[in-house]
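Going down the list, the protein sequences come from chains A and B. Residues in the first sequence are numbered consecutively from 1, following our numbering. Residues in the second sequence are numbered consecutively from 489, following our numbering.
The reader is advised that the hints may include incorrect statements.
Stated by the list, open to error - Here are a few chain A residues that face chain B, going by a calculated C-beta distance under 7 Å:
1. 324
2. 387
3. 388
Unchecked claim - Some chain B residues judged to face chain A by a derived CB distance under 8 Å, without partners named:
4. 638
5. 643
6. 844
7. 853
8. 868
9. 871
Hints were generated in silico from the structure; no laboratory data involved. Backbone N, C-alpha and C define an ideal beta-carbon position, used for all residues, glycine too.
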Amino acid sequence: MSTRTTTPERTGPPGAEAARTPEHSRPSGRGTTFRETMLGRIRLDGEDRDRPVRLDLHAAADRVPHPLGTTPARLTGRIRIAGWVDDPEAVGTLEISPLARRRIRYRIGFTADGHRFTLDGWKSISPRRPLASMTVLPYTLYEDGTAVGTGTVRFPLATQLLPFLAGFRFPRREDGTPLVAPRWNGTPGRTEVWYTTATDPATGTGLWLHHELVAPADGSPPFAHGWAAAFPQDGPVRHTRFGPTPWTRPAEGFRGDGVQAVPGQLSGNAGEFSWRLAEQPTDAPLYTFPRWSWRRPLLPAAQVLPAARARYTGTFAYQDTTLTLDGAPGASARIYGHGNAHRWAWLHADLGDDGVLEIVAAVSTRPGLRRLPPLVFLRLRHRGRTWPRRAERTAVGWAGLGRFRADVGLPSWTVTGRAGLRRIRVEVTQPAERTLALDYADPDGSPAVCRNSERADAHILLERWWGKWRTEAVWTLDGTAHAEVGGR
Amino acid sequence: MSPDTPRSAFCGAATRLRAPHTRGSLDGLVAALLADDGATPWPGRVPRRLETVLAAMPLPARAGVRTAAAALDAYALATTGRRLTALGPAERERLLDSLGARSALLPLLDVLKVPVLLAAGTERMLDHGGHRPGTALPRQDPPLDCTPADAWPARTTTDAVVIGSGAGGAMAARTLARFGLRVVVLEEGHHHSTDSFGKRTPLDRFTELYRDGGATVAVGNPPLLLPVGRAVGGTTVVNSGTCYRTPDHVLDRWRRTFGFELADRFDTALDEAEKTVRVATQPVEVLGNNGLLALIGAERLGWQASPLRRNAPGCKGSCQCVVGCPTGAKQSVQLSVLPDACAHGARIVTGARVRRILVERDRPGGPRAAGVQVRREDGDTFEILAPLVVVAAGALETPPLLRRSGLGGHPMLGRNLSVHPATSVAGRFDQPVTAWEGVLQSVGVEEHHSDGILIEATATPPGMGSFVLPGLGGELRRELETSDRLATFGAMIADRPSGRVLGRNRTLLRYGLDRRDADRLVRAVRAMGELLLAAGAEEVLTGIPATPRVHSLTELDAAMAKVSARQLHLSAFHPTGTAAAGADPQATPADPAGRLRGVRGVLVADGSVLPSCPEVNPQLSIMAAALAVCEAHLEGVETAVAVSGGVE
């Protein structure tokens, strides 16, 4: 044991304390993000002159800063030291505690000349000099725990105050795990679905696992069933069903007939299929339908993604093929409601580092409503923000005006719409040879047919108004989109 | 008088600018008190020297002396029509006689005499060639890692901060550094090398090395002078070097009465402290006449006495311990403990006054120390973050520091102050004693130690007589001229904790002498007088204004029968107990292991953690306490690591 590591609370590397802080791990309603730029100077040991320094930082906290408490946050950003460093990958921690500890502490790690350095300093808040003490950050620069320079950076109030204040965001922070737990409360005539789709980047094979609880409308005992399907690049679509089996009311997710879908794990054997996958969420939950509709099931059905994106690692075997997945992209989703829609279309498009697009366009089975055009729920999570801000916006617009439109058909269907200064056009193609048609049954026994492809194509055009419509982003998914069109 | 000499011109230049209007009064005061008739040059230089002494003192003391000087001048003007400087020697003498006849004024005049005698002693010594600076050092100081506060970065982190570099702070720093922690020691004073001690007069060093120029006073009846050191090494730089182990009966009391569980560790901790500062019995050869007279007196009386155990191997008998040993023989902690700490990575920041301990109050589990905010001499501040803060600022500074850090909530913080009050007695012999040639504190007479009275033969550095000589004017001058025939003894009494440290930003001391302790002091004066007479003194200077001289035991007894301790000149050097450790949460601000209550991460490791007066010179006790506190803390850390599975 190293003696140096035996101090009870040794000053650790960036991130260590934030990770230790109990509140860090506690889920909270909203987080905080903001950007801060500071300018100043540094004097490196052995040099006789100061060098200009610029810090462009992005801070993200898991909760809204409490004025009387301490809020840990993560720092990312860019550090520039004239003639020496320009590292756009600087990372570190921020400890925001203006009153409780009278300190706002920055610890930023960066790389220079192949060596790792840490800038460690804090603003020491003084009620006597609130402005100066909130804007001046003296610091020491360390290399492997040894001080190699000192300096001070300042927040330039004149030029940065407004952008700083305007840049504050309080994104909702949620843990998706509770969303995986079963919702069904014993009411007859309900269906509940856990489904997972993924694409194996190595083989291009699309995967589909569907787990469903059905509580028949006639009050007969609930049962669980589902299917697994593989969409190989060089062969026909394969699938198998499991169940039905009595529903045993598991607490954490779906279990039945040797198949389970619980937080972090998917496994099962069905026919010639067997799979054992670990699920690693890489994004926050995404409510495709309005959030309230998941909490209070007032709509005929609602869909939610406990994690907008996830990575899957493990094995997936069918027939004589065994896929070994290593961080395959995909997502799991949940549906709870009265049954399937009258007509529907669904798209999950993983946009890589840019984000994710989720679309559900559906026509209700209810009399009267089934005559309406499809209600479009489109959620684009792009650069950390979800557009449009409200899920209702795409479905109903402003009293019907400006709602998003879907033209549902096969093999192609489209969704278009405009909200705020952005507009989007999504074209989805589900070639017949890559599509699997399956029969569905509602809790009341009504049949439906779904045509699903986990190797669909999608073309997404995002434009922004700036005097004219200018292209903001274009994504083309060639066989990696997950889509489905259903009808009766 | 030689006002044109470069040295005196230098001394006077700054002070003339500072207070030109009071110089006349000070000139008059000095001329009157020292009966300056112009026959010798040195009394003429005393006012300037007095100015430098006053400049180092706190404002109240400075203002008091100046006011008294101005009042004396005004009295002269009122009674003679002329100021003191315009009067002749005889007229000044008559004026002082008329004042000296008023017994109520005598204590006041005694206080006024102290700085004047200090300045006069130094100037007289210089005139008589008593100071020989610049002799080659027998050894070099071991290296220290000292950084001035203005060169220390504004933001740093470390594993442990130690506030204070005295006996407690140095031992704490060494213990933690040896364990492997990164340690920063913060010291308000500066580093003074042995070499620098040899180049300046004792009085110059005195004003630099002591807080408030040595004029720290505890308010009370009687008031009490309580000088404490302020330098790298703390008071150990300026103490006498006497090293007593904590007596067993004191440790027993701490254990039983206060639940001070660290007392169990003292045996080994004291061994370690003694070994570190190389404690040994002082050889008789360098004791000097002052100590030898104490031994002779004790032998004739059949009292128990012996050369003291000191931390000064190879002591040359310079008699300058209390202003910094000029030969480096005395192993004060900046020569013994701190170099070892620095060798293990500890760093010392000088000129750094801790403004407050940073406390994180929103920590799960309660408030926790996070570091310190420190003020540089230019008023700027810097901060050091550390999860462990060791407070070793001394018994007088620790309570105010904790208060201004928001940690002063315990009702007993600052109370329970014991000071080990001391008084001194001088004996005049028919032959020159030259007490300042030999060991400053040389012989301990423990005959009355069981009664709480410890007598130590204690001289003063050359030119720095601390004993308040009797008389005014010509009489005082004669005493000064014949001070080489004086032997001085001091006695300290084990006192009840009857003092209190007040204040947040500045220490204010109150000390009310307990009735029992007052009796002990009177008995101590009598015992010292008896010892001096037994040693052959012609007369004993009691320091009591009403009966300043006695010539026999009978006269001494008669004088003692009438005297009260409130008439004695008291001083104290061993403040303890203001943040005492003990088992009772209501009675002790620190827990039995020396951890400050109400906050985590703060250890108390100085004289303030001792539960009561240690009844001996406390350097070893403080070092042992600091060692025990830190070791107990580190053992706790190791246990916690072991329980949690270890950290690699």
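Outcome of the hint check:
no.: 1; hint: 324; in the structure: violated, 34 Å
no.: 2; hint: 387; in the structure: violated, 37 Å
no.: 3; hint: 388; in the structure: violated, 38 Å
no.: 4; hint: 638; in the structure: violated, 13 Å
no.: 5; hint: 643; in the structure: holds, 5 Å
no.: 6; hint: 844; in the structure: violated, 10 Å
no.: 7; hint: 853; in the structure: violated, 11 Å
no.: 8; hint: 868; in the structure: violated, 11 Å
no.: 9; hint: 871; in the structure: holds, 6 Å
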